[in-house]
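Whenever a hint applies, use it, and build me the whole structure from the sequences.
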Amino acid sequence: MKKVEAIIKPFKLEDVKDGLAEIGITGMTISEVKGYGRQQGHSELYRGAEYVVEFIPKIKLEVVVSADEVDNVVKVITENARTGKIGDGKIFIFDVEKVVRIRTGETDEEAI
Amino acid sequence: MKKVEAIIKPFKLEDVKDGLAEIGITGMTISEVKGYGRQQGHSELYRGAEYVVEFIPKIKLEVVVSADEVDNVVKVITENARTGKIGDGKIFIFDVEKVVRIRTGETDEEAI
Amino acid sequence: MKKVEAIIKPFKLEDVKDGLAEIGITGMTISEVKGYGRQQGHSELYRGAEYVVEFIPKIKLEVVVSADEVDNVVKVITENARTGKIGDGKIFIFDVEKVVRIRTGETDEEAI
Amino acid sequence: MENLNDVKYILDSFLMIIMAVFVMWMAAGFAMLEAGLTRTKNNTVVLLKNIVLYSIAVIAYYFVGYNLMYGDGNSFIGSGFALSGISYDDHSLYADFFFQVVFVATAASVISGTVAERMKLIPFLIFVAILSAIIYPIQGHWTWGGSELGGLLSGFSDFAGSTIVHAVGGWAALAGVLLLGPRNGKYGKNGQVRAIYGSSMPLATLGTFILWMGWFGFNGGSQLAMGTKADIDGVALVVASTNMAAAVGAVTMAIITYVMNRRIDLTMVLNGALGGLVAVTAGPDNGMLAATIEGIVAAILIYVAVPMFDKLKIDDPVGALSVHLINGIWGTIAVAIFNPEVSMVAQIKGIVVIGLFVFVTSFVVWYALKLTIGIRVSDEVEYDGLDQHEAGIESYPEFAKNFR
Amino acid sequence: MENLNDVKYILDSFLMIIMAVFVMWMAAGFAMLEAGLTRTKNNTVVLLKNIVLYSIAVIAYYFVGYNLMYGDGNSFIGSGFALSGISYDDHSLYADFFFQVVFVATAASVISGTVAERMKLIPFLIFVAILSAIIYPIQGHWTWGGSELGGLLSGFSDFAGSTIVHAVGGWAALAGVLLLGPRNGKYGKNGQVRAIYGSSMPLATLGTFILWMGWFGFNGGSQLAMGTKADIDGVALVVASTNMAAAVGAVTMAIITYVMNRRIDLTMVLNGALGGLVAVTAGPDNGMLAATIEGIVAAILIYVAVPMFDKLKIDDPVGALSVHLINGIWGTIAVAIFNPEVSMVAQIKGIVVIGLFVFVTSFVVWYALKLTIGIRVSDEVEYDGLDQHEAGIESYPEFAKNFR
Amino acid sequence: MENLNDVKYILDSFLMIIMAVFVMWMAAGFAMLEAGLTRTKNNTVVLLKNIVLYSIAVIAYYFVGYNLMYGDGNSFIGSGFALSGISYDDHSLYADFFFQVVFVATAASVISGTVAERMKLIPFLIFVAILSAIIYPIQGHWTWGGSELGGLLSGFSDFAGSTIVHAVGGWAALAGVLLLGPRNGKYGKNGQVRAIYGSSMPLATLGTFILWMGWFGFNGGSQLAMGTKADIDGVALVVASTNMAAAVGAVTMAIITYVMNRRIDLTMVLNGALGGLVAVTAGPDNGMLAATIEGIVAAILIYVAVPMFDKLKIDDPVGALSVHLINGIWGTIAVAIFNPEVSMVAQIKGIVVIGLFVFVTSFVVWYALKLTIGIRVSDEVEYDGLDQHEAGIESYPEFAKNFR
Ligand SMILES: Nc1ncnc2c1ncn2[C@@H]1O[C@H](COP(=O)(O)OP(=O)(O)O)[C@@H](O)[C@H]1O
Ligand SMILES: Nc1ncnc2c1ncn2[C@@H]1O[C@H](COP(=O)(O)OP(=O)(O)O)[C@@H](O)[C@H]1O
Ligand SMILES: Nc1ncnc2c1ncn2[C@@H]1O[C@H](COP(=O)(O)OP(=O)(O)O)[C@@H](O)[C@H]1O
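Protein chains in written order, with the numbering used here: chain D, 1 to 112; chain V, 1 to 112; chain C, 1 to 112; chain E, 1 to 404; chain U, 1 to 404; chain S, 1 to 404.
Calculated from the structure, these hints are not laboratory results.
Please note: incorrect hints may appear among the correct ones.
As the list claims (entries may be wrong) - Once the Cα atoms are required to be at most 25 Å apart in a straight line, the calculated DSS-like pairs of lysine-lysine come out as:
{"no.": "1", "chain 1": "V", "residue 1": "98", "chain 2": "C", "residue 2": "60"}
{"no.": "2", "chain 1": "C", "residue 1": "98", "chain 2": "D", "residue 2": "75"}
{"no.": "3", "chain 1": "S", "residue 1": "186", "chain 2": "C", "residue 2": "60"}
{"no.": "4", "chain 1": "E", "residue 1": "349", "chain 2": "E", "residue 2": "186"}
{"no.": "5", "chain 1": "D", "residue 1": "34", "chain 2": "C", "residue 2": "98"}
{"no.": "6", "chain 1": "V", "residue 1": "2", "chain 2": "D", "residue 2": "98"}
{"no.": "7", "chain 1": "V", "residue 1": "60", "chain 2": "D", "residue 2": "60"}
In structure tokens, the structure reads:
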């Protein structure tokens, strides 16, 4: 099994989630993160002066899937999260050694 | 070393933490996440209409332990986080290549 | 490619980020987490009684880099995040199987 | 102190002053309510709009509006500026001005909520200036200014402004929102209505309580006098019935949503209370029973109007049209029902004439703004949130910045 | 304006009106305080409870309660409804009603905090209706209504309601909480007390400031007149001593917690200020020294009572029992200490008779509710938070929903 | 009620009472504003400071300060304590005291913001006690107390306290901050200024609205009488011009920041409104045009002063020095410009004499505190946030604790 971890623009979450649901992915976990990268942070105005803000709000999406689904998942995320502008984000893929479903104790493929 | 990553119901955190402490696990990191899965989101009421909320608050617990402790840790988490109802969550296990303790520079097993 | 995941003290973030920028790291993702470890939680005062708080605010920093940069990155984080007091945090290193840049579809080293 | 007439002068003036302080406070209520019902990413601009709109209304009404409303002029419009040529025998001029000026800000605040989260800041503020300086005072001249538009509005009765303040704000908002369009994402591709949740129920509730409190000044002060037993009895009845209408509006909505959904919908309850307040405003002197019925009907109207506006794809984040426009009209009609001395024809004439005037003039102004500087932010700004681009600072700016 | 008697009539009525506005504002204070001291997941229901309880109290007291309290009737209970048969020569009837009605809401608000985070919304609201329509007015008939319960309560002195409002709320809350039980997780398996932290110190502090401000209306208005020099001197002393008691309560608690813990405990300081306010309420006309001592003792009592209630496993998230019940009793006793004309026996008789009556009747009502529709939410609802199940919306509803 | 003189006595006293209630409310405004503009990790201490400083000011001024200000004594200082030996023929003593005591708290509140986020709680509170008991009353004795410091301050005119309250707070704050130093991280190694973002724009805005509302009491009540037509006309003009100055301050700042940065800077707009309020305070009776100009200049001064203080490495998280000190001075000077009867020399003498006295005495007190118990928290406490170490509870304490 693999974990697909995607850093995306927040307003793209809904499209990505819907896209994943369409290909039968029914579980995922998301969290709010801040990203730093090529995308220029914007300047802020506070107490009369301007400051550059370097960290930009992003959503981290984590989906654990069986190895053969990975390419499909990556494709769906890429398509749905893309705006074409800098800052669209990245996808990272990791190997998962084991999965357990807490409720039933099922493991691995059955637990996803 | 392995990283055990568990997505659990928030109100189970204290039991899980106490359970882990009992088997000698003294370090862990938690964060607030939102989960999407088999557990039905509830319906919300806003401005006179009902909407389904699909993301449910969860806690992500990350514990890095030596390989031989993994089974024990999984067992403790499973037992303490289980309610038997859908949505109890999942445990994912990853390989950790290296660990460093920032304060001392110790590495790997010594650093956990 | 490797993912370097560091749990650090929040007020050290800026130094660490600047340090990484100096060695040419231009992408990273951070999130707010709570840590539990050797560092003693402090006692809190609420409604006239004292309670121990065990979870301490930390920042989790995630940087994906090519394998040969890992040591350098670890060194920079360690140096910049260290205060010498308990609770400075940990660095965990994971293998990353694949990286995709959503905007362009570039993969692996090119995508970082 | 020379004689009892002086006492009356003092008491009447003092009533206006103290009640105006409570009405001013409503500006904070509108700000908190709107901030609570809109998204965090737009909250700084919401706050900015509310404090600056109040300020602009004060300045515009002082230099221009008050005279167009209360200056001599003709039956269409008053004359002069900066209070020139106006004086009163029976109460302080500045007490009168201070009480009137806070009402203008209320009308302007109504608009703010409806156009929230996608209107540009600058054209909004320009509109507020024009509304406060010209549009509001002209129709005010016909009614409270006493000109009756050459008799056309004679017999029209609006105690504290269900039409003159609240529906006026509502019409101006409606004209704006029709040209502005809904927030991105509010209506799905297949026409379904989607929820865009507000940022904070505590702020929304605090805002409602502030408005409720301020309304005692709004309606109670509109008695404009307390120097006789009849007047103070009037003030007392007005505040008691104002309170009643709000309470009934809230409870009615709680019952409706509980019956329909087995749960009570907080934001609708807040709207219910405010709807009761708007409805009672035209006739808070008509007794407790009138107030009770006005509150019941107000809640029902809002419960029907909120989804109706959504069906029409008129996107109103805070429900201001349902609360202020619909119930402004209902409250004005209710006067003819509960007060035998007021004719229904006169009321409807007033509603229509003022509504038409304000809607048309507002539409023209909004349209001119749209053609020139534009009234809507770009999609990108809407996604990022207006705060970043128009205010330059988020509403809770700390995260990932303040780690020093 | 005809004569000086009219002026007195006007001034007395106006005092009640304006002070009632401040008392109404306390509803917002209770809402913010309770929201700040309870968990985010229950905050929408907290807000809902507070705005609806105020509304229900207004309606119930108007149609039923006011007459049971001030209508003729017999020495146990008044008669009539909707103000029927009641009139006053010396001030506006509606000013009187408006001032009284906001007090009922205060008594009901006290209960809300104690039963927070696990009581069902609907039975709570039913209880509020019964309290406001029947229980509160009956004991009010004996005291402020003047019946003295056939002489049993003659000589009992409670200026603005330490017993009649605050302890009454406290007794009703105590009866409820005994049948309700503590929040899950508050007390550990081995009896240890665990902290359940509130959601927001800014809201809790804002709520306290609002209550403090409102209390000037509560106590100052209870002079009920300002048409003579003696009366306005009375109002002035009352507001000054009210302010003093609150300040002393806050500072005393700051000192106590600093001495005990080397840190100052904010939520206890807030309770300290409120305790001082409750304590001074029975006799704010007894001078600044009395107020000072009442404030000191109030803070000490709260510091002792909060852990005491926890030891008894009476779980009171906001400390309402310590603030309103304990200090309501203390304040009533203090009158006999500081005012030589008031007998300690009369005070204790009043405390006991009213306390018994309210506790027993409330217990019966709560018990009936428990047996019929139930008063406590299920464990699952308590875990999820009441907001999801009873209101259908979280208090900060945005996250993971509003990414459009 | 016997005669018209009694009516005057009553009305004057009532004005003070009711306006004092609004001024008291400003304490909440300062608390919310400071909490909004400082970091979450220090917010509990901010709230604690604000409620306890108000309380200490009340107690210190009652037992000591009021007499040093208004007691007979000599031309430097008054005598007696706890109101001993003071009485008035024409209004209630306690109304006078109540109105005065809330002003002291305002002066103390000004300091709180400037020293926020790094000053220890206990020495701050000790300073407030000394300021309220001694420093503020002594200079108040020279001015409002009427002693004129043996003629040195004769002709000095400060209607509601631009100098006597606001600049006094500002001078005391300046003395403190010079000894305290800036927050860690505010100024970079190479002298660059870094932003330390506040926690909440809604709280900061709410605080500003509260202060704005309270200011009607502050300035309107400072007429000190409404028992004649001239007096109530005075009150009316005062509240209208107070409102105007604030509105103009806000709008001017909105324009300035829009022109300079293409965006409107909310926190500067809030400061602009407050700066207008401080500036108009010395002469709110000088007409609407004066108020307008005072507001314009106030905003410009703040826009210049905020970066100037940063250049001097005087770190003032909320901008209190720019708002209260700079504009307190400007407002006092403006009186001589707009009121032909007031001499510029007298105004400048007043500004300098009072400024010197307060700055020097405050400096001595702060210095003594620094040498003894220390005034600054350790770096570790500053990093962790003061809340953890001085209050023992975070401002939003729930996360990772309340999962039961
Ligand atoms: N090396 C990296 N490690 C971890 N996260 C990264 C890395 N590079 C980029 N990111 C994340 O991806 C986001 C987008 O990257 P950015 O360079 O701004 O644009 P793009 O995705 O178009 O290349 C960043 O905000 C950050 O959260
Ligand atoms: N494939 C997955 N990848 C990542 N997280 C998942 C995945 N499936 C489930 N989760 C997480 O686990 C939580 C519980 O899953 P769910 O399907 O609701 O119930 P159960 O744990 O009983 O199978 C989800 O809310 C989500 O956070
Ligand atoms: N085994 C572990 N797994 C995951 N996170 C850990 C682990 N041990 C420590 N941490 C994280 O590192 C932080 C610091 O650890 P701690 O033991 O307090 O001090 P030190 O870093 O000096 O060893 C903790 O707060 C926690 O977030």
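How the hints compare with the structure:
no.	hint	verdict
1	98(V) x 60(C)	16 Å, holds
2	98(C) x 75(D)	13 Å, holds
3	186(S) x 60(C)	24 Å, holds
4	349(E) x 186(E)	36 Å, violated
5	34(D) x 98(C)	21 Å, holds
6	2(V) x 98(D)	11 Å, holds
7	60(V) x 60(D)	13 Å, holds
The structure shown violates just one earlier hint, number 4.
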